[in-house]
Amino acid sequence: MPKTTATKTAATKSKAAPAASSVPASQLIDEKIASLNDWRGETLARVRAIVKQAVPGVVEEWKWSVPVWSHNGIICTGETYKAAVKMTFAKGAKVDDPSGLFNSSLEGNTRRAIDFHEGDKIDEKALKALVRAAAALNKA
Numbered sequence: 001m002p003k004t005t006a007t008k009t010a011a012t013k014s015k016a017a018p019a020a021s022s023v024p025a026s027q028l029i030d031e032k033i034a035s036l037n038d039w040r041g042e043t044l045a046r047v048r049a050i051v052k053q054a055v056p057g058v059v060e061e062w063k064w065s066v067p068v069w070s071h072n073g074i075i076c077t078g079e080t081y082k083a084a085v086k087m088t089f090a091k092g093a094k095v096d097d098p099s100g101l102f103n104s105s106l107e108g109n110t111r112r113a114i115d116f117h118e119g120d121k122i123d124e125k126a127l128k129a130l131v132r133a134a135a136a137l138n139k140a
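For the sequence shown, our numbering begins at 1 and goes up steadily by one.
Don't take each hint at face value.
Think about it this way: if two alpha-carbon atoms lie no more than 25 Å apart in a straight line, the pair counts; the simulated DSS-like pairs of lysine-lysine are [to be verified]:
1. Lys82 with Lys32
2. Lys128 with Lys139
3. Lys139 with Lys52
4. Lys91 with Lys63
5. Lys128 with Lys32
6. Lys139 with Lys82
7. Lys94 with Lys139
8. Lys86 with Lys32
Read the hints as simulated data drawn from the structure, not as lab findings.
Work out the full structure, taking the sequences as your base and the hints as a guide.
Quick look at the structure:
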């Protein structure tokens, strides 16, 4: 019997991306950090620790092939590029940033980001305050 459009579509759908990985997000983040094997891995690990200290009970997720930290909604993501580790805050445009940490994605109406470059020192106190403020927006 020849394949109809419906059976072709069904066959194509069955070959689509596999179901969500059963690997825990925290393990995927660990693997990402280990795979970087340079200052970016160290920076991502430090950012991760700061987020977890700032918001007890934060949920680690793996979306869009990057670490995502959530608490009643997305707080921020941790992306890595050749020359930067970027923390993108989902609702960053609504977050007060008295220390001026946001240095990227400043033109948008929703997100804000911080680009960390090799050799940058992280202001942990200010970053924790920023993460807490972003998490508080999700409760509102």
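So, going through the hints one by one against the coordinates:
This hinted pair checks out: lysine 82 and lysine 32 have alpha carbons roughly 14 Å apart, not beyond 25 Å. A C-alpha spacing of about 17 Å is found between lysine 128 and lysine 139, which places the hinted pair at or below 25 Å, so the restraint holds. Proposed proximity of lysine 139 and lysine 52 is supported: the alpha carbons are some 17 Å apart, at most 25 Å. Between the alpha carbons of lysine 91 and lysine 63 the distance comes to roughly 17 Å, so the proposed pair stays at or under 25 Å and holds.
For the suggested pair lysine 128 and lysine 32, the alpha carbons sit about 22 Å apart, so the restraint of at most 25 Å is met. This hinted pair does not check out: lysine 139 and lysine 82 have alpha carbons roughly 34 Å apart, beyond 25 Å. In summary, the hint linking lysine 94 to lysine 139 is supported, as the alpha carbons are separated by about 13 Å, within the 25 Å threshold. Straight-line distance between C-alpha atoms of lysine 86 and lysine 32 comes to about 14 Å, which keeps the hinted pair within the 25 Å bound.
When each numbered hint is compared with the structure, a violation occurs for hint 6 only.
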